[in-house]
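**Q** Add chain B to chain A, keeping to what the hints say.
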Amino acid sequence: MALSDRSQFIELYSRGQKKIYLYVLSMVHHQSDAEDIMQQTASEMWRLFDRFKEGTNFSSWGIAIAKYKILSYRKKQSANRLFLSQEVYEKVIQELHDTESYSDKRKNALQGCLKKLHESDLQKLSLHYEDGLSYSKIAQQQNLSKSGIYKVMARIHASLRICIKQTLLVWDTNV
Amino acid sequence: MCEHNAKYDFTELVLLALQGEITPEQMERLNAALSSDSARVQDYVELLEIYFELSSSGGVEVSPRVNNSAEEYNTFLRVLAEEERTAPECELLQEPLERELIQKVIYPPGEKRTISKFSLFMLLNTAAIFLFFVLFQFLPPKGGIEVATLTDSMNSKWADASSMVKGSRIAAGGDPLVLREGLIELQFDNQATVVMEGPARFQILAEDRIGLEYGKLYAVVPKGAIGFSVYTQQAKIIDMGTEFGVQAEFDGDTQLHVMKGKTILMAGGNADTGGIEVDNGSARRISGDTQTVTDIPFQTARFVRAFDSLHHIILREPPLLDLADIVRNGNGLGTGNSSVRLNPIRGFTYAQQVGYANAEGFLPVPELPFIDGVFVPNGRAKQIVSTRGDVFNECPETSGGFDCDVMGNPVRGILWSNSQPSTIQFYGQDYADDSGRTCIVLHANLGLTFDLDAIRSAYRCDISRFVCRVGIADFQQKESRASFYVLVDGQVRYSLLQYQERAVLNDVSVAIRKTDRFLTLAATDGGDPDNPDGDNDHRAISGDWCVFTEPVLRLE
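Sequence order for the protein chains is A and B. Counting from 234, one number per residue, gives the positions in the first sequence under the numbering used here. Counting from 326, one number per residue, gives the positions in the second sequence under the numbering used here.
If you are wondering where the hints come from, they were derived from the structure by calculation, not from laboratory data. Beta carbons are placed, not taken as given, at the ideal position from N, Cα and C, and that holds for glycine. It cannot be assumed that every hint is accurate.
[Claimed, not checked] Per the computed footprint, the stretches of chain A lying under chain B, defined by three or more beta-carbons under 8 angstroms from a beta-carbon of chain B, are:
no.	stretch
1	255-264
2	277-284
3	292-304
4	366-380
5	383-392
[To be verified] If you anchor each label on the Cβ, the simulated ranges turn out as follows:
no.	chain 1	residue 1	chain 2	residue 2	range
6	A	Asn313	B	Ile670	51 to 57 angstroms
7	A	Arg284	B	Glu350	43 to 49 angstroms
8	A	Asp337	B	Asn856	44 to 50 angstroms
9	A	Ala312	B	Ile470	37 to 43 angstroms
10	A	Ala312	B	Phe673	49 to 55 angstroms
11	A	Ala312	B	Arg671	54 to 60 angstroms
12	B	Ser820	A	Ser369	50 to 56 angstroms
13	A	Gln344	B	Phe673	19 to 25 angstroms
14	B	Leu658	A	Asp337	39 to 45 angstroms
15	A	Ser305	B	Gln351	22 to 28 angstroms
[What the hints assert, rightly or not] Listed below are the simulated DSS-like cross-link pairs for lysine-lysine, each with C-alpha atoms no more than 30 angstroms apart in a straight line:
no.	chain 1	residue 1	chain 2	residue 2
16	A	Lys300	A	Lys348
17	A	Lys370	B	Lys707
18	A	Lys340	B	Lys707
19	B	Lys839	B	Lys491
20	A	Lys379	B	Lys491
21	A	Lys370	B	Lys491
22	A	Lys348	A	Lys309
23	A	Lys349	A	Lys338
24	A	Lys370	A	Lys309
25	A	Lys348	A	Lys379
26	A	Lys309	A	Lys324
27	A	Lys338	A	Lys252
28	A	Lys338	B	Lys707
29	A	Lys398	B	Lys587
30	A	Lys379	B	Lys548
31	A	Lys286	A	Lys348
32	B	Lys491	A	Lys349
33	A	Lys324	B	Lys707
34	B	Lys839	A	Lys398
35	B	Lys548	A	Lys348
36	A	Lys300	A	Lys324
37	A	Lys340	A	Lys398
38	A	Lys349	A	Lys379
39	A	Lys340	A	Lys324
40	B	Lys707	B	Lys491
Next up, chain A with everything else stripped away, as it sits in the complex (with noise of 0.2 angstroms):
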């Protein structure tokens, strides 16, 4: 890859990373694993970019070689991870398609029901986000049952996805 060329795939990958992470966990639906897919994924792409053809899309190009990735580790972990219906994951991909174009309103809408969220939730997906605890350890550290923490956690996750529906909603009527 010519030396110019690099920042131009790093701008790229920017903004093309978030569509290829959510096809990858969308598929493999164990968080460390999609990790490691895009990690390999990213690097695969940094080493083939000189074949990326400019104009074409950059995350479709990324997802074609995450898609690799993904049959290769599917193989390799059928026999300890759990997976969805191929039916299923073609809808997911249509769905993953639909929703494109709103990406950048949802997530300023994220942000804005992050401050509606009590402080104790707040504190509880701090310790997962940004100090990187597992389930288990926040559990123990706030004094929760496993099941509980995830019942809690549910919880906030699902109040978040409405609260964007209909901030989302709101917005769209205001317009």
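**A** Just chain B now, kept in the frame of chain A:
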């Protein structure tokens, strides 16, 4: 009663998958949910997006003090690329293309291992001894395995300062626990649920047994936990798939009230004698002195059956949830305020709508937990009736306007009609805020959507039916038509079209299924001619005082 709210349950499955802790059975449930409901697929993608944005790769900070690591990382990459572009060239030592093979190792073919019967016997014995010591070492010291979780508490005070919080696990065979006051909910691992009212002294005896020295408890026992037992000083109550309440007094007196199903009651200190069956709707008292059993009047509201600390809800009976109270920003049990109004333009408000106005689209009302939103029904465009995007396909074309807010039990005399203050009346009875009767006023064109899942979640109940009576209030003598609709998830379940009668109520009864998510009430102008140039009396909505009286949800 439902164990979980479906919304949270689905989210929990997604989180379990993300953490790599999902079981095959849970994965099957997740797959079923995603394949049967396209809305779930959208929920799934949205959850992953939240996960991404909050993770180190995403751009949203949970707490502002934390640096944006993703942005930093990208900046770092940019600097590296710039450095790479501008740095002086340097010569690299050429690495050998292939590593030199030092030695080729050939492994001998594996031998087939044989195990003699003696070896096998010794191996099993050793394993058993090992397991015995390991298990003994790690069992909780008081002999108890954790069998129950404290899932909720409300105003609870414990005798022991070091006592429990939500999520605490409780081991069998531990010391008795003393709840001085308040309410707690215990979820046993066999799925039996017990609500305890303080003051109470109790002890978890096993996964399917609880001892109650004194206090009140209410047990909900699903089929899988049949046999769940409550021990008091003078009695043993064995569940046969039921809901029942037990009250134990200091002096040993015990009362048993069976709300659902059947129990077996064994009286006497050792509780080993034969039992008597006590069926739903009946109650018994066991004397603390003589252990004799007598019939007593069954009291449905004697025990707290369920509560929700988040919404400050306490249920003593399966309630009829008053939707008019929910419109008034209440919890459905009479805590609302009649000054509250819902407006299709301003949403939640205390200010009265003045004059005629047009509104389009669906407006969410996030301030009210059980209300999804409001709208002005008009079939000229696709009429959305929920935040999920459910569409009211049969919505008629209307004038698209309204001149009144959605109100629950309007304050006496606050409605203005025929140039005078008016109050909703039917059959000589009024429905003002102080009347003891309830109603929702939807003067056409207005629609209102309730979030049934939010209600189920707060009350931990299923909803079986929506019931009300609809009619047009008669305080404005005018020949106009109006249409009433009751929708579930956008589908019409009841309609009364182009209705003209005044002061007559019509029964509405709509079954609610477990999968139903949104209940919508709507009133439209009935297709009357609309004259925008005249005064309000010439508008299509004029005189359409549509009222949903005694609107309730039946909970199970």
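**Q** Which hints, by number, does the structure contradict?
**A** Violated: hints 2, 3, 9, 16, 17, 22, 29, 31, 35 and 40.
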